[in-house]
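There are 2 protein chains.
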Amino acid sequence: MGDNIKEIPPRSGTAFTIDAGQILTVIDPLGGQVADLLAVSRVDTAEMISSGRTLDYAESIYLTTGNLLYSNRSNVMLEIIEDTVGRHDFLLTPCSEATFRLCYDNEPPHQGCLGNLHHALEPYGIAEDAIPVAFNCFMNVPVDGATGKLKVLPPLSKAGDFIRFRAHMDLIIGLTACSAPASNGGSFKPIHYSIG
Amino acid sequence: MGDNIKEIPPRSGTAFTIDAGQILTVIDPLGGQVADLLAVSRVDTAEMISSGRTLDYAESIYLTTGNLLYSNRSNVMLEIIEDTVGRHDFLLTPCSEATFRLCYDNEPPHQGCLGNLHHALEPYGIAEDAIPVAFNCFMNVPVDGATGKLKVLPPLSKAGDFIRFRAHMDLIIGLTACSAPASNGGSFKPIHYSIG
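So the protein sequences, as listed, match chains A and W. Just so you know, we're using the working numbering here: the first sequence kicks off at 84 and counts up by one. Just so you know, we're using the working numbering here: the second sequence kicks off at 84 and counts up by one.
Isolated chain A (complex conformation):
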């Protein structure tokens, strides 16, 4: 692990700031692990990443190199500049205690990515209710176009795969190593990231 690579332990989350122009790399060190990513404007935390704006402008539910991630004010927050996987999710909200209650009745409850993001972002003044759909790096959610049915399958990412973003504004980033069994092929692994 390089000097400037940081680790997010399994089933946890963190938050940090990056400046406009900086490069954020999110790495799946062991493969098959999802990382939920939130972006919030440092100038005004009411401006946040928006799945609905982004999918509308990209005219696609799958985003990869060259796609722009927009805010709820239709400003570009992040640009995907490199992507060794090509499959990420931008439909589903971060897993939460309710996800475990409603979807995993055999699993002990966990605060999930929503709880982890909330605790990581609370010092920046961001309320839990305000946390929107995250950009779920490496999450593999195929959709049947005819029926609309979706499945949460194990990520396609292999050890060392990564996705790299360029920041287009000064941002607060929330980032997790996801806690939901189905999203991560049934095992919980760390996530690495670097800022350059």
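There may be inaccurate statements among the hints.
Claimed, not checked - Below, a list of computed lysine-lysine pairs in the DSSO-like style, where the Cα atoms sit at most 30 Å apart:
1) W:89 to W:241
2) W:89 to W:272
3) W:241 to W:272
4) W:272 to W:232
5) A:232 to W:232
6) A:234 to W:89
7) W:272 to W:234
8) A:232 to W:234
9) A:89 to A:241
10) A:234 to W:234
11) A:232 to W:89
12) W:232 to A:241
For the record, the hints were derived by calculation from the structure and aren't laboratory data. Only a predicted model underlies this, so the values are computations on that prediction, with no experimental measurement involved.
Starting from the structure of chain A, add chain W where the hints point.
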């Protein structure tokens, strides 16, 4: 038009309250017209309709009779109890001035559903930045499952088609007759609704 049916004029929006147990019917009187629907808890306006929670629990991007619409706190807000169309969108944010700027460079700008919802919901203390992905009644957004590409096509609704919801909590509802050319087959028509 029955005594208890109200009209939303073309390219406008409104807001009103409904109580738990009441039935809201959204009608497309002429056919081919989208209505963006937002639901907000009357008890705490930080609790709002959530596309990401709903799609996750429904395991589908298309919702119809029997599906439940969840809040950001994973509580049921609305249940679809009747639906004569079977195709609605829950991926895209309400059209806005930025939508016109980015997607319709030949069209005069319009405040769109976002502006209309903002003005209608402002008296209830709801900020524009807080407006999430709406449940877009009658909006026809097919997705290619292989590539992820989406298209905004004319609605499948014919004159008199409707979708009917039962409220599971006391709600503020925002509702529009959508303003975006592509979503409405290029012409702007009214929307009718009734509360029973």
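These are the hints, each one checked on the structure:
1. W:89 to W:241: holds, 19 Å
2. W:89 to W:272: Satisfied, since the Cα-Cα distance of roughly 14 Å is no more than 30 Å.
3. W:241 to W:272: Distance of about 12 Å is within 30 Å: holds.
4. W:272 to W:232: holds, 28 Å
5. A:232 to W:232: It holds: about 16 Å lies between the C-alpha atoms, which stays within 30 Å.
6. A:234 to W:89: violated, 39 Å
7. W:272 to W:234: holds, 21 Å
8. A:232 to W:234: holds, 17 Å
9. A:89 to A:241: OK: residue 89 of chain A and residue 241 of chain A at ~19 Å, within 30 Å.
10. A:234 to W:234: holds, 21 Å
11. A:232 to W:89: violated, 34 Å
12. W:232 to A:241: Within the cut-off at roughly 25 Å; holds.
Checked against the numbered hints listed earlier, the structure breaks hints 6 and 11; every other hint is satisfied.
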